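Peer 1: Work out the full structure, taking the sequences as your base and the hints as a guide.
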Amino acid sequence: MELLNRYLHAVKFWLPKSQQEDIIAELGEDLRSQIEDREAALGRPLDEDGLAAVLKQRGNPMLVAGSYLPQRSLIGPALFPIYQFILKLVIVWILPPIFILVVGPATVLSGRDPSLALAETAWTLLMAAVFAFGVITLVFAAMERYPHESMLKWDPCRLPRVPPAEPITQPQPVPGYRAIAELLAAIGASLLWIEVMWLRTSFDFNGVAITLAPVWRSFFWPILLVTLSGVPIGLMGWLRPWWMRARSCVRLAVDGVTLVLTGALVNMGPWVRVAAPNLPAAGVADANHWANVGTSIGLGVVAIITLVDAVQEARRLVRQKPAGNHAPVAVRR
Amino acid sequence: MSHTASSPDPFDNLRLELRRGCLVLAVLAQLRAEHYGYALRKALADRGMAIDENTLYPLLRRLETQGLLVSEWREEDKRNKRFYRLSSHGQGVLDQLLEEWQSINASLTRITEGDALLELKAES
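Going line by line, the protein sequences match chains P and Y.
For the first sequence, our numbering begins at 181 and goes up steadily by one.
For the second sequence, our numbering begins at 588 and goes up steadily by one.
Every clue listed holds true.
Restraint ranges, calculated between C-beta atoms of paired labels, are given here: (1) 649(Y) with 327(P): 21 to 27 Å; (2) 321(P) with 692(Y): 37 to 43 Å; (3) 202(P) with 696(Y): 41 to 47 Å; (4) 227(P) with 692(Y): 46 to 52 Å; (5) 202(P) with 626(Y): 16 to 22 Å.
It is worth saying that the hints were derived from the structure and are not from the lab.
Given the structure is predicted, the values throughout are model-derived calculations rather than measurements.
Note that beta-carbon positions come from the ideal geometry of N, C-alpha and C, so glycine has one too.
Peer 2: This is how it looks when you write it as structure tokens:
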């Protein structure tokens, strides 16, 4: 019976002191009765394995003790779906966009080491999410415990009006002029990139020479590929405007590559060097500083625009039906 | 709509919910005569109302706290056992619950038999 005593002791540990003796006495009695019944059925005393089987069937000591305790929940079933909705809204749809579009770029552009700034932003986002989780949980737990009278006394006449139904629209095919503009812009950007990065990397403005750092040369081909990708995308939009899924997929892929390239470039400053023999050294240093700050801001703007475009393309992709590539789309009302 | 292999069978959950209220009724009714825990569980199981020990004992305590049962420790067969029986208040509540049960049962019978009649009419 040593095993039984050990079991009862383990259950006792989890029980409130005021009820320990009473519950353990009754539980022990019930188990002894069960063991006696088994022994009578077998015609012999239970061995340790048989006893262990009886105790195992009764359940984990912690759970058995838990079944005697008042059954309470922090947030009950009535409020839980609303709690889940608010949690998802804040942690998935509010915090990450704020950190990606505002806090992250601001931290990167504050002049600190970019990789450290990104790590710091990610850590702060995590902490903000944990804090939001804690606060929302506490607020809902308080609402569960002390329901506000506005939740009990409400007037159906004061419910907000139903907004007018919005027409369900499918994404429209790309207009021809936009596809052609995209095509021309891609060709222009590619030619400009070749002119700036391949044919000349230094520019003279009335005695002030601005030279691009060698880092740009190492990114020549990837960036040229990104700018040239606008050519097939533009052609696709012009000649096959209903291939919207394929177009969105390609644009998403290009946006992804652009973001990776921008992220890599951000870490590789300084990007330009200013030389002006006629200016004092302090002035040249200032010019160098501000030229590089301007470039880093430019890279940040490129990253934000690319991110916004990627989000838009992803939304289009989700809203399009898989068959959308094969048939022109009509507006449904 | 289908459910995955990992999700519990909806019948099991619904059956559990349906039985939960019935168990209280069965325990109260059985305790019109005095029983100790183990004997009560066996008596209920013999009458087709098997109940898990970890459900029965906390339920007995809750019903006692609500004043529906009374209990006392007494020696039987050289062992201390806790005997439960229905209190006078519990008897009144049991009568009300049984009346409610009959009413629910009658309503359900009307509903299910009504459906069966409609099906028969549709077939003919």
